[in-house]
Amino acid sequence: MHRSFVSFAAMLASVSMAASPLAAMKASQLTDINGLHGRDAESSLQSRGFAHVSTNKNSMGYVYSYWWNDRDKDCVQVEVYDGRVQTINDASAQDCGHKKDNTAAVVGVVAGAAILGALLAHKSNHHDNNRHLTDREAENQYERGYTDGLHNAPYHNYDRHDAYSSGYTAGVDQRRANLSHHQQYGGYVRTAQFNDLRGARAAGGMDELGRRGFRQVDNFTSGNTRYSIQYRPQSRQCLQVTIADGRFYDLRDISRHPRCRS
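When we follow the working numbering, the leftmost residue of the sequence shown carries the number 13, and every step to the right adds one.
Keep in mind that the hints were calculated from the coordinates and are not lab data.
Because the structure is a prediction, the values reported are computed rather than measured.
Any given hint could be a false lead.
As the list claims (entries may be wrong) - Below, in silico cross-link-like pairs of lysine-lysine (DSS-like), each with a Cα-Cα straight-line distance of 30 Å or less: (1) K38 to K69; (2) K38 to K85; (3) K111 to K38; (4) K111 to K69; (5) K85 to K69; (6) K111 to K85.
Said to hold, decoys possible - Taking CB as the label site, the calculated pair distances span: (7) P166 to G222: 38 to 48 Å; (8) N231 to T43: 43 to 53 Å; (9) H194 to R259: 17 to 27 Å; (10) Y167 to R227: 31 to 41 Å; (11) T146 to N190: 23 to 33 Å; (12) S40 to N236: 33 to 43 Å.
All C-beta atoms in this analysis are idealised placements derived from N, C-alpha and C, irrespective of residue type, glycine included.
Produce the entire structure from the sequences given, and follow the hints as far as they go.
Here's what the structure looks like:
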């Protein structure tokens, strides 16, 4: 980290400034990594004393990694999309596995809810506004919902709390992202991967689907969006491909379609 910034941080500490302005300054000193390839950003962070803590990827393809600087007791979140850093933000100590007092957190669960002060399963990026809830009870409800959704447990919002509902939705989304490699088929028949084509140019994507054994069986448009139904007889996969602005916007297995048949 730059010497001038360290001196400035020390000065702020000496006059007992609140922690939040100091945390905001720390992320702002790292914005030069925006736009870098992930591997280059990793080297830059390590050279400044940050160590990687954890990474999660959402269903839209955004990757969030958390980095801890033990010297400065600082946690930051790095958002990456398509291999390049999009943003870097300050994160809570708990996001990096530390309590608010910066001591190591202890994982514990009681009746499905995290013990107060324990390491949370969910991260800041799981919240819509990229921030943990300030209300302790609401945050615990969110954590319980997230854990239930992540592990495919039945929805059990016995307190009828909105935070549980939001957490459950985030947990389901994370579970789907974690299982993006799985085509939801069982048994012994090899299926074809297709999730990796999301965002591909339409022309090249269609060629690649053909190489993987798919053929187009239906095609229709709605406004500026085109939909292609692709069928692979060997594995009986029936895909709906959504094409917008010349790229594959979404691919999903719809299981059945009148023209998905051998």
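These are the hints, each one checked on the structure:
1. Distance hint between K38 and K69 is fulfilled; the C-alpha atoms sit about 24 Å from each other, no more than 30 Å.
2. A distance of roughly 11 Å separates the Cα atoms of K38 and K85; the hinted pair therefore holds under the 30 Å criterion.
3. Distance restraint check for K111 and K38: the Cα-Cα separation of roughly 19 Å lies within the 30 Å cut-off, and the hinted pair is therefore satisfied.
4. Proximity of K111 to K69 is assessed by CA-CA distance (about 24 Å); at most 30 Å being required, the pair is judged to hold.
5. Proximity of K85 to K69 is assessed by CA-CA distance (about 25 Å); at most 30 Å being required, the pair is judged to hold.
6. For the proposed pair K111 and K85, the alpha carbon gap of about 11 Å is at most 30 Å, so the pair holds.
7. For P166 and G222, the Cβ-Cβ distance of about 41 Å falls inside the hinted range of 38 to 48 Å, so the restraint holds.
8. About 44 Å separates the C-beta atoms of N231 and T43, a value consistent with the hinted range of 43 to 53 Å.
9. With their beta carbons about 24 Å apart, H194 and R259 fall inside the hinted range of 17 to 27 Å.
10. One distance hint, 31 to 41 Å for the beta-carbon pair Y167 and R227, holds here, with the actual separation near 39 Å.
11. Distance hint for T146 and N190: a CB-CB separation of about 28 Å, consistent with the stated range 23 to 33 Å.
12. A hinted range of 33 to 43 Å for the beta carbons of S40 and N236 is consistent with their spacing of about 39 Å.
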